[in-house]
Every structure is written in C-alpha cells, then in structure tokens.
Amino acid sequence: MPREIITLQLGQCGNQIGFEFWKQLCAEHGISPEGIVEEFATEGTDRKDVFFYQADDEHYIPRAVLLDLEPRVIHSILNSPYAKLYNPENIYLSEHGGGAGNNWASGFSQGEKIHEDIFDIIDREADGSDSLEGFVLCHSIAGGTGSGLGSYLLERLNDRYPKKLVQTYSVFPNQDEMSDVVVQPYNSLLTLKRLTQNADCVVVLDNTALNRIATDRLHIQNPSFSQINQLVSTIMSASTTTLRYPGYMNNDLIGLIASLIPTPRLHFLMTGYTPLTTDQSVASVRKTTVLDVMRRLLQPKNVMVSTGRDRQTNHCYIAILNIIQGEVDPTQVHKSLQRIRERKLANFIPWGPASIQVALSRKSPYLPSAHRVSGLMMANHTSISSLFERTCRQYDKLRKREAFLEQFRKEDIFKENFDELDRSREVVQELIDEYHAATRPDYISWGTQEQ
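Residue 248 in UniProt numbering is what sits at position 248 of the sequence shown, and the numbering runs on without skipping anything.
Hints in this document: simulated from the structure, not taken from any laboratory.
It is possible that some hints are incorrect.
Dumping the calculated DSS-like pairs for lysine-lysine here, alpha-carbon to alpha-carbon at most 30 angstroms [unchecked claim]:
#, residue 1, residue 2
1, K84, K113
2, K23, K301
3, K301, K335
4, K164, K113
5, K48, K163
6, K397, K48
7, K113, K48
8, K363, K301
9, K410, K363
10, K400, K164
11, K400, K344
12, K23, K164
13, K410, K397
14, K113, K193
15, K410, K193
16, K113, K410
17, K301, K193
18, K48, K84
19, K400, K410
20, K163, K193
21, K363, K23
22, K48, K23
23, K23, K84
24, K193, K397
25, K193, K400
26, K363, K335
27, K84, K363
28, K164, K48
Each pair of labels, with its calculated beta carbon distance range [stated by the list, open to error]:
#, residue 1, residue 2, range
29, E155, G98, 28 to 36 angstroms
30, L405, N347, 40 to 48 angstroms
31, D117, Q197, 22 to 30 angstroms
32, W446, R124, 36 to 44 angstroms
33, V37, E402, 37 to 45 angstroms
Quick caveat, the model's predicted, so the values are computed rather than measured.
Every residue gets a Cβ at the ideal spot worked out from N, C-alpha and C, and that includes glycine.
All chains should be built: construct the whole structure from the sequences, respecting the hints.
Pasting the structure below:
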C-alpha cells in the first residue's frame, strides 16, 4: 500500500531544487530522462510509486506540480533532457508572466487570483493517488513567489486537506553576502508565520551554511547555484530513501516525522550529511564505518544550518534521526550509539529521552558509490531559533524606519494597515521563546502557567 507524496515546486528556487531532486530520483531508480525504466533496472525492491505514477504506456511521471509566476526557470526545465519526464498539465505559469518581483504581498495576492487553476491541478493529482499521505513543498522564503504564493498555498492546503501532512524544504537566504532583495526580511518573516502555523514539518536549508560547506568541505571557490542545489538534492533524496526502499521502519512520512517532532510547533529540522561529494569527485575520507559516519554527523561543520551558538542559552537536541545508507551490520549501529552516549557527544533536552533513532536504508543498486556507508542526520535542535532571531533583527531594523513598505501597500492584504507584518512578528517571537523554553526542564508545563 504505497502512501503517495505530491511534490509542489514554487518559484525560481523551488523549481531549481525540485529539478535536481527528480534528476537524482531518476538516477536512483534507473529511470531515463524520458521516464522509461532502463534495461539494467531489473531489481524490483524499490517503491517507485510513492513519488511517480505510470502512464498508460508504462513510462513513469513524477507526482510533481511546477508553479511559477515567471517563465524563465520552467522554460529551462522544458528545454532540458528531462522535458518529457513531467506531465505538461501539471505545469502552471501565470498568464502575464511578470513574476512577483521579490515581493511577498504580490506572490500572495496572485495566489488568490489563480488559486482555482492551481487547485484543479493539485486536486487532480490527489484524486489520482490511492492513499495520499501528504504534500512536499519546495520553495525559498526570501523571494516573492516561493514565499508569497508558498504562504498562500500552505494556508489553502490546510483548509482543503486538513488530514494530510505538509512537509516543506525551505531555503533560507544567505546571510554572509548582501542580498539584492531589500525586502527579504519582510518576505522571510511573513513566510515563517505560515511555516509555523500551517506546516507539519519544515526542513531548513540554510544557504549560508550550504555555501560554507561547498567552499570549506568541497573546496569549490565560488559555488554556483547548481552546485548548491546538488547538495540540496542529496539531502532531499537521502531523507526520502526509507520511503522509496522500504524496510520495516520509517517507511512512511508520518513515521519519519513523528519520531523527530514531539511537540507540534517545534517542527523545524536541520540536516547534516556525510561524506559529501559532488559530481563523482570523491572527497578524501579515509574510512567510513557506522561510528565514523554517526560521529561526523554530530559535528557542526557537517550541519546544513549555520546557527550562532549563543552562550546564554544552553541549546540542545530535541531528537535525532540518522538515516544510514549502505552495507551496515545492525550490531555496529548499537555499538556506535553506545559510544556516542558514553562520550556525551550530543547534548539532549532535560525533559525527555535522549533519542538518537537510526533507520537503516538500502542504497540504490544502480548508482556507483564512492563510500561504503553514508549518513543523513535529521535533527530537531533548539539552536535553530538563532536563525529566526537573525530574521527578526533584520526585520526590526527595516520596520522601525518603515523602509520599503510602499510596494507592499499596493496589495489588498496591506491596503489598510500593516497588522499582518506585526502579527507575523509575534508568531515568530513566540516560536523563538518556545525553542528557548524547550532547553529548560520545566518545558512540559510551559505555556500553562501564564494563563
């Protein structure tokens, strides 16, 4: 009984990382760029139908919906070798094609205008699944389409499919370099409100950390978008391996999410991956045993979110799930976990069990691998709140001066006032406070004393 997942790709960033993700999935399942199963792909142990469905002529089509308000990226996908892979009915470009101009309000209000067309596509995909488990949304929070239209869709998906899971892969902007989007803090904050209230699980992809990893670990001088997106697709495909090569654990999305998210609002996850390689260039890693992989996953330099470690708060892990791929002896896993506990390599919350869960997953039989064992860590760690604090600080600076609000005022949602901005700021502040509270033993009764 496959639990299908529909992928929604929004805007420039969402469609680019989505494109890399499907490229990776095709390679892992032995599917050609046209969607045809390759001759050598004879192993029947994978579940293709979680992410793909078969057309009448047997070729595979991704359960993906590609949405954008300007045509550039989608046109480049349609001019690539993978053009025939997608269902053309699932590609939506807005008529006027002017984009959202990096303006959240524009993306949001365009969502209201085109939502019937978009939901025709989504409903048709949902009706075509036997037992839909949920949606995965790929987008960035800094621009206009991914943030604004993404926010609108998150709200609508909750209304329309209240029982379905919504997981997002959300790209956070690079803080090390000046952004060309002056209203980025507004866009980010408004989107964060929706990610807090309308998503079940948010995998945070922090461009700051991804760029750092590409330069420091992979020794790429000026990493290009496509190299960064390859890192992202590695994470996306690794985080779904247990769904696609089912074992006895974590073979559906709720199983993955439930172990990581004990309390509903603290659902922002960071990821780590080791050993890292791009484009078959093998990074020199001496040996990869399970213990090596698990130990490396706990090192901050392999984590794809750059959090300032502030000294005041004793940040800690709420939960960890390691997905280990490759030839692994389960007894090794047990030993490695004991070693990690003895050495106290990970600092856990005081109010719950110190749980490092491990899911063992098969590797794709069709891809050559440089390493015997590779691992992905999905971690719920309280220091992620420093990312939100950074966004709030930048937002406060702009808001105090009422800078750049003109272009927001043009849209209906901000015609009267800017309450929506202030409300979003409150929601994000509550989220930050709750992450701080989660580092203290009395967190379980947190939020009940004040009333």
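For each hint, the structure was consulted:
1. K84 x K113: With Cα atoms ~29 angstroms apart, K84 and K113 stay inside 30 angstroms; holds.
2. K23 x K301: 27 angstroms, holds
3. K301 x K335: Distance ~24 angstroms between K301 and K335 Cα, so the pair holds.
4. K164 x K113: 24 angstroms, holds
5. K48 x K163: Holds - the C-alpha atoms of K163 and K48 are around 24 angstroms apart, at most 30 angstroms.
6. K397 x K48: Violated, because 48 angstroms separates the two Cα atoms, which is more than 30 angstroms.
7. K113 x K48: Violated. K113 to K48 sits at ~35 angstroms, over the 30 angstroms cutoff.
8. K363 x K301: 25 angstroms, holds
9. K410 x K363: Judged against 30 angstroms, a Cα distance of about 51 angstroms means the pair is violated.
10. K400 x K164: Violated: K400 and K164 sit about 39 angstroms apart, past 30 angstroms.
11. K400 x K344: 44 angstroms, violated
12. K23 x K164: Distance ~26 angstroms between K23 and K164 Cα, so the pair holds.
13. K410 x K397: 22 angstroms, holds
14. K113 x K193: Given that 30 angstroms is the threshold and the Cα spacing comes to 21 angstroms, the pair holds.
15. K410 x K193: Holds, because 21 angstroms separates the two Cα atoms, which is no more than 30 angstroms.
16. K113 x K410: 15 angstroms, holds
17. K301 x K193: 28 angstroms, holds
18. K48 x K84: The given pair, whose Cα atoms are some 18 angstroms apart, holds under the 30 angstroms limit.
19. K400 x K410: 20 angstroms, holds
20. K163 x K193: 20 angstroms, holds
21. K363 x K23: 16 angstroms, holds
22. K48 x K23: Holds - the C-alpha atoms of K23 and K48 are around 14 angstroms apart, at most 30 angstroms.
23. K23 x K84: 12 angstroms, holds
24. K193 x K397: Between K193 and K397 the Cα gap is close to 19 angstroms, so the pair holds against 30 angstroms.
25. K193 x K400: Holds, at roughly 20 angstroms.
26. K363 x K335: Roughly 22 angstroms separates the two Cα atoms, so the pair holds.
27. K84 x K363: 27 angstroms, holds
28. K164 x K48: 20 angstroms, holds
29. E155 x G98: 28 to 36 angstroms: Given about 23 angstroms between the Cβ atoms, the range is violated.
30. L405 x N347: 40 to 48 angstroms: 42 angstroms, holds
31. D117 x Q197: 22 to 30 angstroms: 25 angstroms, holds
32. W446 x R124: 36 to 44 angstroms: Taking Cβ atoms as reference, W446 and R124 lie about 43 angstroms apart, which means the hint holds.
33. V37 x E402: 37 to 45 angstroms: Cβ of V37 to Cβ of E402: about 57 angstroms, so the range 37 to 45 angstroms is violated.
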